[in-house]
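Number of protein chains: 2
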Amino acid sequence: MEQAPAAPPFSLLPRRLGIDTHHEPVVVLRADSPVVRAEGFEAHARIEVLGDARSIVATLNILRQGELLAPGEVGLSEAAWHRLQPRSDERLRFRFARASDAMSHVRAKVFGGALREGAFEAVIGEIVDGRLSNVEIAAFLVACAGGRMSSGEVTSLTRAMVHAGARMSWPQGVVVDKHCIGGLPGNRTTPIVVSIAAALGLLMPKTSSRAITSPAGTADTLETITRVDLDLAQMRRVVESEGACMVWGGAMNMSPADDLLIRVERMLDLDSEAQLVASVLSKKAAAGATHVVIDIPTGPTAKVRSAQQAQSLLHALQASARALELRLLGLITDGSQPVGRGVGPALEAHDVLRVLQNHADAPDDLRRRALDLAAAVIELGGLESGQAARELAAHSLADGSAWRKFEAICRAQGALREPGVAPFQRPVPAPHTGCVQRIDNRLLARAAKLAGAPHACTAGLLLHVHVGERVQRGQPLFDLHAESQGELDYALDFVRHHPGIVHLDPS
Amino acid sequence: MEQAPAAPPFSLLPRRLGIDTHHEPVVVLRADSPVVRAEGFEAHARIEVLGDARSIVATLNILRQGELLAPGEVGLSEAAWHRLQPRSDERLRFRFARASDAMSHVRAKVFGGALREGAFEAVIGEIVDGRLSNVEIAAFLVACAGGRMSSGEVTSLTRAMVHAGARMSWPQGVVVDKHCIGGLPGNRTTPIVVSIAAALGLLMPKTSSRAITSPAGTADTLETITRVDLDLAQMRRVVESEGACMVWGGAMNMSPADDLLIRVERMLDLDSEAQLVASVLSKKAAAGATHVVIDIPTGPTAKVRSAQQAQSLLHALQASARALELRLLGLITDGSQPVGRGVGPALEAHDVLRVLQNHADAPDDLRRRALDLAAAVIELGGLESGQAARELAAHSLADGSAWRKFEAICRAQGALREPGVAPFQRPVPAPHTGCVQRIDNRLLARAAKLAGAPHACTAGLLLHVHVGERVQRGQPLFDLHAESQGELDYALDFVRHHPGIVHLDPS
Chain U
743 MEQAPAAPPF
753 SLLPRRLGID
763 THHEPVVVLR
773 ADSPVVRAEG
783 FEAHARIEVL
793 GDARSIVATL
803 NILRQGELLA
813 PGEVGLSEAA
823 WHRLQPRSDE
833 RLRFRFARAS
843 DAMSHVRAKV
853 FGGALREGAF
863 EAVIGEIVDG
873 RLSNVEIAAF
883 LVACAGGRMS
893 SGEVTSLTRA
903 MVHAGARMSW
913 PQGVVVDKHC
923 IGGLPGNRTT
933 PIVVSIAAAL
943 GLLMPKTSSR
953 AITSPAGTAD
963 TLETITRVDL
973 DLAQMRRVVE
983 SEGACMVWGG
993 AMNMSPADDL
1003 LIRVERMLDL
1013 DSEAQLVASV
1023 LSKKAAAGAT
1033 HVVIDIPTGP
1043 TAKVRSAQQA
1053 QSLLHALQAS
1063 ARALELRLLG
1073 LITDGSQPVG
1083 RGVGPALEAH
1093 DVLRVLQNHA
1103 DAPDDLRRRA
1113 LDLAAAVIEL
1123 GGLESGQAAR
1133 ELAAHSLADG
1143 SAWRKFEAIC
1153 RAQGALREPG
1163 VAPFQRPVPA
1173 PHTGCVQRID
1183 NRLLARAAKL
1193 AGAPHACTAG
1203 LLLHVHVGER
1213 VQRGQPLFDL
1223 HAESQGELDY
1233 ALDFVRHHPG
1243 IVHLDPS
Chain X
743 MEQAPAAPPF
753 SLLPRRLGID
763 THHEPVVVLR
773 ADSPVVRAEG
783 FEAHARIEVL
793 GDARSIVATL
803 NILRQGELLA
813 PGEVGLSEAA
823 WHRLQPRSDE
833 RLRFRFARAS
843 DAMSHVRAKV
853 FGGALREGAF
863 EAVIGEIVDG
873 RLSNVEIAAF
883 LVACAGGRMS
893 SGEVTSLTRA
903 MVHAGARMSW
913 PQGVVVDKHC
923 IGGLPGNRTT
933 PIVVSIAAAL
943 GLLMPKTSSR
953 AITSPAGTAD
963 TLETITRVDL
973 DLAQMRRVVE
983 SEGACMVWGG
993 AMNMSPADDL
1003 LIRVERMLDL
1013 DSEAQLVASV
1023 LSKKAAAGAT
1033 HVVIDIPTGP
1043 TAKVRSAQQA
1053 QSLLHALQAS
1063 ARALELRLLG
1073 LITDGSQPVG
1083 RGVGPALEAH
1093 DVLRVLQNHA
1103 DAPDDLRRRA
1113 LDLAAAVIEL
1123 GGLESGQAAR
1133 ELAAHSLADG
1143 SAWRKFEAIC
1153 RAQGALREPG
1163 VAPFQRPVPA
1173 PHTGCVQRID
1183 NRLLARAAKL
1193 AGAPHACTAG
1203 LLLHVHVGER
1213 VQRGQPLFDL
1223 HAESQGELDY
1233 ALDFVRHHPG
1243 IVHLDPS
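Protein sequence lines correspond, in order, to chains U and X. If you count by the working numbering, then the first sequence holds residues 743 to 1249, one letter each, in order. If you count by the working numbering, then the second sequence holds residues 743 to 1249, one letter each, in order.
Keep in mind that the hints were calculated from the coordinates and are not lab data. Treat the hints loosely; a few may be bogus.
As the list claims (entries may be wrong) - Covered stretches of chain X (in silico footprint by chain U; criterion: 3 or more residues with CB under 8 Å from a CB of chain U, positions within the stretch not fixed): (1) 758–765; (2) 783–793; (3) 869–877.
Keep in mind that this is a model prediction, so the values were computed, not measured. The beta-carbon is built from N, C-alpha and C at its ideal position, and this holds for glycine as well.
So here's chain U without its partners, still in its complex pose:
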């Protein structure tokens, strides 16, 4: 094994640059540093940085001019700093990163090989350990996209993703779960479904994600009502006392590769069915679920755009679920327009609370979709089937038992509060009289994000119309909600330049 010399000038002192390069560790070396010349390092090389206790693999940037670094210093990005955790006087050493085992598997896949489970374990392991660059992760994703993965490979990938993180297990034989493929603003059924299922005695240890590209994730929405950042032990206590939880999965370290893969998929705007199946099923398996309902909203501006695509995805999910001994039921649902009224964490939370509390003005579309999914969970969980399952769900909502269960879960999680309301609001009026012909989910989500969602938790928008409704000129189509005048103006500017967000047919 080659050894890097430890003494100056070949070892350098760490300097935290404060630069967030996301998950990829980056280090900056001065062009005139002896180690750069001796090793023949150039910008974008992958190098190993060796500290006394830890080592990382990082992408190299080279300082050509300026005073960012003193001689004898190496700059570390936030990801490099957090992974290496160097002392301020620790002398860091450098060498070219060894060839990656994972990448030899990726190259085999690029050249048409079929990968075994061990190969997927190696790739996922190196991704989780931060040893693969985004460029390398992109190569893995592309090599596995476009129908190049057999059902067996998808299953192996899913297993590898589960093994890379923590896995929960429950004594009960039936552990239900639900998941929505996403892409539909306001489709916040999870808190309602969990409350109904748990009120009926089903075990539902639900973890949810925060928004990645959307104006709100279920975890963001629930955070306006309760605590969601529980650790594994706290989550287990909630589930043991209430039969269910509604927490953020990010703190659990379940399927930790998934987030990294999704980030790189987004950089490529690549939707790979194999990756989606592995992503969904790995999280469900890691949570210890045995029976899973999948909501696949389908529509021209949703994530899944056609019935054919939805069917193909559902078949792939079912094939791998069988291999993983998960029972899976998929619902292909209407994804043509947003659900409920609110878009944004607190705004969606208000909708959820109104449905749970049987308010007279609760959004009926959200209520109906939540009941459809709850009925599927009930059926899969073995309580009732068909119309009887649906009636059981509706009854649990109507008699307040779902709401009481929701309150109990929130209290067990550590808080039950009323979501806030944004201080800056502005209606967006209909430019002319007409009938709402379609609503663009993507542009609407973008407007809500420009207004501040999800980082400003009361920001977003409140939709007043649905497809098929007639509006008069000047009648508000939706209200923008923001926590600052600047963000409100910014969202308004976007809305003015995108009249197609809500498309009105003049007839």
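Since chain U is already given, all that's left is putting chain X on it; use the hints.
Below, chain X without anything else, positioned relative to chain U:
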């Protein structure tokens, strides 16, 4: 079209960070910048930076702490700075980068589509304009690798690469060229072949590259003897007066996408036949060549490792060359051990000069290989064929006409000097008596690089043995040459830890 607001706090002043991120432009924004919050930018987003005269697409990094940037400033990497060229008081604006046309073609290719020439033009155009990130370029490379490109697609890609840069044309009907696939240290035949061909009256406007991963490129080697950084007009004058040139291609802007693609291929350690064919042929077509000889060294530690791989590559080269109306002759040559004695720019230059000057101790293997290639060029150029071509080449070398042509070309290029000699030298002795069984090209190249090649132009190593020769214990296998004691020590350390560089069979 969405418009980004121009006034503060949404516009920022540029600050040059001096950080070389290689070709990918990177900008750094403060986490508390209003534009980050309003746009919902996160680390690794692709954003468009709009100046008064130009705009670029850059990858975003976010400053989480520290004083790298003042409020109201945006940091620019070297690539971002050079592409945008902002004034110090220019207010820069920001928005999410528009969806890339190129990437929609890449996704189509990922999902199994066949791309037309227009699609390749779009991809190559965006790569050359710096609008695709490394992650996106990686997706393109992987989508096109592993036999997923038809011969027609390879030809289209080659044409797109030619169209993206400058293209030379020559009045002569026959313009010869040669190219080596690479991977073999010391295989520096180009200056000899060019001198012979030009001495015999063939037109050979040769452009060469600098080292990318090797201890020396042909341009690096020639630069120790003459000037190689000529522009197009200067190159044309040399060719018009001498019938040939030997210059660095990098200043010519011929096939500018090629270097960027190769950089990302290297990050992935991916050798794609389709990409290699397009890379080689696009440079030859851009240089105006009509007849090309390709040297394909084949051996276990060369770039092409098996005869089968060499044949496959040759067929692919010939198919696309035909479509591009290039006449191509491929020579599959022995790539099992280095050629000549020197490895490193000046060390290889000394070998080349000895062959051209008919020195008694000129390395015979280099001379024979250069004559083989010169004979192929002579045959393809229509002067002679078979044994007669070979004799013509040998005669031109023996009678000094090749050497006189070499001198004339160098003088026309602006210099003719003696290559230097490294001040620090150290023999590496045989650890025991035995027969040289094999030499590892890759490890040997690595040792030469650690000694300082190619940036230290006299650094590298001088090989004293070839496969099959018997050596006594303590007899030098090779000498390390360096320009500093530190680099010499560094290379020695590497050599001590890698006894397999020259493998001795004790029998």
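Going down the list of hints, with the structure as the test:
1. Proximity of the segment 758–765 of chain X to chain U, defined as three or more residues with a beta carbon under 8 Å from a beta carbon of that chain, is established by the 7 residues found.
2. A stretch counts as covered by a chain when three or more of its residues have a beta carbon under 8 Å from one of that chain; for the segment 783–793 of chain X and chain U the count is 4, and the coverage holds.
3. With 3 residues bearing a CB less than 8 Å from a CB of chain U, the segment 869–877 of chain X meets the requirement of three and the coverage assertion stands.
Taken one by one, the earlier hints all hold for this structure without exception.
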